[in-house]
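*Asks:* I would like the entire structure built from these sequences, with the hints used as guidance.
So the protein sequences, as listed, match chains A and B. Those letters in the first sequence? Residues 1 to 326, per the working numbering, in order. Those letters in the second sequence? Residues 1001 to 1436, per the working numbering, in order.
Be careful, since some hints might not be right.
[Claimed, not checked] Within a straight-line C-alpha distance of at most 16 Å, the following computed EDC-like cross-link-like pairs (lysine to aspartate or glutamate) qualify:
{"#": "1", "chain 1": "B", "residue 1": "Lys-1032", "chain 2": "A", "residue 2": "Glu-231"}
{"#": "2", "chain 1": "B", "residue 1": "Lys-1033", "chain 2": "A", "residue 2": "Glu-231"}
{"#": "3", "chain 1": "B", "residue 1": "Lys-1008", "chain 2": "A", "residue 2": "Glu-238"}
{"#": "4", "chain 1": "B", "residue 1": "Lys-1033", "chain 2": "A", "residue 2": "Glu-238"}
[Claimed, not checked] Label pairs and their computed distance ranges (CB to CB):
{"#": "5", "chain 1": "A", "residue 1": "Leu-41", "chain 2": "B", "residue 2": "Thr-1407", "range": "54 to 60 Å"}
{"#": "6", "chain 1": "A", "residue 1": "Leu-41", "chain 2": "B", "residue 2": "Pro-1089", "range": "16 to 22 Å"}
{"#": "7", "chain 1": "B", "residue 1": "Leu-1316", "chain 2": "A", "residue 2": "Gly-169", "range": "56 to 62 Å"}
{"#": "8", "chain 1": "A", "residue 1": "Ile-297", "chain 2": "B", "residue 2": "Gly-1005", "range": "39 to 45 Å"}
{"#": "9", "chain 1": "B", "residue 1": "Asp-1210", "chain 2": "A", "residue 2": "Thr-129", "range": "36 to 42 Å"}
{"#": "10", "chain 1": "B", "residue 1": "Gly-1005", "chain 2": "A", "residue 2": "Phe-34", "range": "50 to 56 Å"}
{"#": "11", "chain 1": "A", "residue 1": "Leu-41", "chain 2": "B", "residue 2": "Arg-1219", "range": "42 to 48 Å"}
[To be verified] Facing chain A, according to a computed beta carbon distance under 10 Å, are these residues of chain B, among others:
{"#": "12", "residue": "Leu-1007"}
{"#": "13", "residue": "Lys-1008"}
{"#": "14", "residue": "Val-1014"}
{"#": "15", "residue": "Val-1017"}
{"#": "16", "residue": "Ala-1023"}
{"#": "17", "residue": "Ala-1066"}
{"#": "18", "residue": "Ile-1074"}
{"#": "19", "residue": "Phe-1191"}
{"#": "20", "residue": "Tyr-1192"}
FYI, nobody ran anything at the bench for these hints, they're computed from the structure. Ideal Cβ placement from N, Cα and C applies to all residues, glycine included.
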Amino acid sequence: MGKVLAIALNTFKEAVRNKVLYFLLIFALLIMGFSTFISDLSIAAPEKLIKDLGLASIDFFGFLIAVFVGIYLIYNEIERKTIYTIVSKPIDRHQFVLGKYFGLLITIYVNMAIMSVFFFAVLYFRDATSQDKIMDLINPEVNGVRQPVENAESLYYWYHFKMFFIACGKAVVTLFGYSEPITFHLMRVIGMSALGLAIITAFAILYSTFSTPTLSAVFTFLTFVVGNLCEDLLRYAERLARNAGGLQNLSGPDVLKYWFVTIAMHITPNLALFNKRSEAIYDKWDVMAQTERFVAIDPVQVAYGLVYVGGVLCLSCLIFNRRNFK
Amino acid sequence: MTMPGRLKTLFVFVLLVACVAVATTIQHRQLKKVALSPPFHDTWSLSGRSAAVIDALALGYDLVVADFLWLRAIQSFGGRGMTNRDWRPVYDQFDTITELDPYFESAYTFGNLVIGDEGGRQREGLRLLDKGMNKMIYGYRIPFEAMYVAHWQMGDTRLARWYGRIASKRRNAPDWVPRIVAYLDVQSGQFYIGFDRFTGNLLEGLDADDAVLRRVALRKVAEAVDKWSKDQILRAYDEYTSATGQPPVTVEQLAGQPALQNYEIASMTRLLAKIEVLQRRLGRPSLLETVPEIGTIVLPTPQELAEAEAATSQTLAVKDLRSLQNEVFRYALTRRSGIPPEPFGDRYVINQTMVGYPHADRENLVVTETERRDFLKQILGALRAITAERRDELGRNPQSWREVFFTDFNTTEPYGGKWEYDPATAVIRSTSHPDL
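*Replies:* Structure below.
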C-alpha cells in the first residue's frame, strides 16, 4: 500500500508539472466565470444556466484531464526508459499500475475541487449580489416606502468586495458539506461525476498499458461516447426486437446486431448512471423526496462504479504484467 | 510475504472475473430498470425529429446543449420578430430544447408565448405545454398557462377548465388558482362546482375575517347564481323557439317551458340566510349588518331567515364555517318553477337587439333590466356620435339614416321599440325610452 501511495504521490507531482493540466484548468475556470455573463442573455432561469454550465464544465474538463494526462503516464515511463528503474526495484507491476491510477485520480480530483470552489464561489457571489438584495441594501424599505441610503455608491462597492470574500469562504466550506439552497446537493452531483471519471481514468490507464498515446486518447474518448450511449443501446436492441415482432422472430443480421448490442450494453460502463446534474437543478420526481432538488445517491450505483473500476484495473494489471520491456 | 508470480496472476485474474461478473450483474439490473421506464420519445433515431439525434450526440451534456439552444431560440425569436415573423422554425427549436431538458419550465412557457401568442398557433403551443405538463407533474404554472391559452386565446372554456383543474391540484398551486378555476367552472356551465367553490371562498373569507376575499367571493357567488339563472332561462328560450317557431318577446312567455319547471338552482338569499344563522351560532357579528358590500345583493326575507334558523342545529361541533361548507351548499340549493330571481334585485329581460342576430353572444340575449337600459344608452350614444360626425362632414343635418350609414339601419331596438330620427334637429331617440 505504501508503495502504491508513493507512486501515486510521485505521479501527482509529475502531473502537476504538466502544462496541459493548467490550460485545461484555466479554460474551465474561464467558462464557469463566463457563465454568469452568458446567463444574463437568458430571459429566464439564469441560475439554471450557470449551474448547467458549471457542473458540465467540472465533469467535461475532468474527463479531458483524464485523457490528456492519463494517456502519457505509462507511455512516458516506457518511452523514457524510466520503467526499468522501477521494475528493477521490489515493486510489483500491479502496484505500479495502481500507483499511476491513483496518482492520476488525485490530480483529477484536486482539479475538480479547484473548479468546484470556483463554481460555488460564482453561485454564492451571484446570489448575494442579486438585484433584490442590492436594492434592499441601497434602497431599503422603511415603513413600506423605499428610501435611498447615503453613500449608496461606496456601500454598493464595499458590499461587493465583502461578498466576494464571503462567497470564496463559503465555496471552500461547501466542499466539506456546507450548503445553502443555491448549492444544495451539488456536491453529490460532483461526487457522482467524480465516480464516473474514476471509471474513465481507469480506462485511460488500461489503454495506455498497451497502446500509443494517440490510440489511447481515441479509445478513451470512444469509451466515454459509448458509456454515455449505453441506455440508447438498450433502446436500439428493444427496437430491433419490437420491429421484428419479438425476440424469437429476429432473423439474419438482426440477430447478430441484437446480441452484439446486448453484450455491448452490459460490458460498457453506463456513465449515465453517474450523471445527476438534472436532479440537482430541478425538483425530484419522487413524491417521497424530502426536499426539492434532492439528489438521491443509490449505493448500488456507487458499488457498480467501484466494482467497474476494480475490474478495469485488474485487466490493466494483467496486461501490464505480461508486457515485455525488452 | 510475497506471492509467487503465477499465483499472483491467477489472483488478479480471479479478481478481474469477480469484478466483471459483479459489474455486469449490476448493469443488467440497472438496464432492466431503464427498460421499465421508457423515454418520453424514442431517443434512438438518426432521422426524423432532430431532438432525438441531438440528445444522443450531447453525450450526457443535454442540459448545456439545451441552454445554448435556449439562448439561440431567444435570439431567433427577436430576429424573426423584427423580420418575417415566421415562428414555425422556432417551434422546432423549443421542441428540441424540451426534449433535451424536459424540466426546463421557462422553455415551455416562453415557447408557448412565441408559438401561441405571437405566432397564432395556439394548438401547437398547447402541444408544447402538454409535453411540459406531463413531465413536470408537480408544477402548476404550465397547466395554468395552458388554461390561459385555452380560455383567453382559443375561447374554449371547457378545455380551459380541464387545464385549470389540473393546475389547481398541483403541489405548488397558490390558493388563488382554484378561484380562477371556479370562474371557469361557471363560464363553462359547471354551476354546481363553481357555486360550491365560490361559497368555499366566501366562508374562508369570513373565517379569516379577510375583507377583500369576502367582498370578491360574495360578488362571485352572486355572479355564479346570475349566470346559472340566465342559463336556465336560455334553455327555456330554446325550448320556446323550437316549440313555436319564433323567439319570445318577453321573459314571462318562457315561464311555462319545461326547463323552468321544478328545476334545481342555487338561491342567493337562502345562502345568505344560512350563513347569517351560522355566524350567529358561532358568536360572530351578523353578516347582513356588518358587511357593507352586501347592500347590492338581495337580502333574505325574515321568513327565509326563520327557515334557516329552524334548519340549523343549536350547537355546532366546529368553530369555522369552512367545515360546514357542504351543509351551506346543500341548503342554498332549492327547487323552484318559473323565472328565477335576479340576485342583485333586478329582473331578467330579453335583449331584442340580439334576437335573431347570427353573431350574437348568448350571454347578451337574456340580460337584466339595467343591462338592457345601458345597452340602449350605448347604442344611442354611438348613433349620436356617428350622426354628429356626418353632420360635420356635410355641414348640415343628415336628411336620413342612409345619409349617415350609406345603407339602412337595421339594428333592432333592445326593447323592441323603434328608432326615431328627426332630420330637422338631427336628434335620435328610441320610442321605448324617449327620455334617454
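*Asks:* Does each hint hold? Answer for all of them.
*Replies:* Taking the hints in turn, this is what the structure says about them:
Under the criterion of a C-alpha separation no larger than 16 Å, the hint pairing B/Lys-1032 with A/Glu-231 is consistent with the structure, at around 10 Å. This hinted pair checks out: B/Lys-1033 and A/Glu-231 have alpha carbons roughly 11 Å apart, not beyond 16 Å. As the CA atoms of B/Lys-1008 and A/Glu-238 are separated by approximately 42 Å, the hinted pair breaks the 16 Å bound. Our distance criterion of 16 Å between C-alpha atoms is met by B/Lys-1033 and A/Glu-238, whose separation comes to about 14 Å.
About 56 Å separates the C-beta atoms of A/Leu-41 and B/Thr-1407, a value consistent with the hinted range of 54 to 60 Å. With their beta carbons about 20 Å apart, A/Leu-41 and B/Pro-1089 fall inside the hinted range of 16 to 22 Å. A beta carbon spacing of about 58 Å between B/Leu-1316 and A/Gly-169 agrees with the range 56 to 62 Å that was offered as a hint. Taking 39 to 45 Å as the suggested C-beta distance range, the pair A/Ile-297 and B/Gly-1005 conforms, at roughly 40 Å.
Evaluation of the 36 to 42 Å hint for B/Asp-1210 and A/Thr-129 yields a pass: the beta carbon distance comes to about 37 Å. Evaluation of the 50 to 56 Å hint for B/Gly-1005 and A/Phe-34 yields a pass: the beta carbon distance comes to about 54 Å. For A/Leu-41 paired with B/Arg-1219, a C-beta distance near 45 Å keeps the hint of 42 to 48 Å intact. For B/Leu-1007, the interface hint is violated, the least distance from its beta-carbon to any beta-carbon of chain A being 12 Å, above 10 Å.
A hinted interface residue such as B/Lys-1008 counts as satisfied when its beta carbon comes closer than 10 Å to some beta carbon of chain A; here the least separation is about 7 Å, so the hint holds. With its C-beta approaching chain A no nearer than about 9 Å, B/Val-1014 sits inside the 10 Å limit, and its interface hint holds. At about 9 Å, the closest approach between the beta carbon of B/Val-1017 and any beta carbon in chain A falls short of 10 Å, and the interface hint on this residue holds. Taking 10 Å as the C-beta cut-off, the interface hint given for B/Ala-1023 holds, the closest approach to chain A being about 4 Å.
Annotation: B/Ala-1066 was flagged as interfacial toward chain A, and the flag holds, the nearest CB pair being 8 Å apart, inside 10 Å. The closest approach between the C-beta of B/Ile-1074 and any C-beta of chain A is roughly 6 Å, which is under the 10 Å cut-off, so the hint is satisfied. Annotation: B/Phe-1191 was flagged as interfacial toward chain A, and the flag is violated, the nearest CB pair being 34 Å apart, outside 10 Å. Against a cut-off of 10 Å between C-beta atoms, the interface hint on B/Tyr-1192 is violated, since the closest Cβ of chain A lies about 31 Å away.
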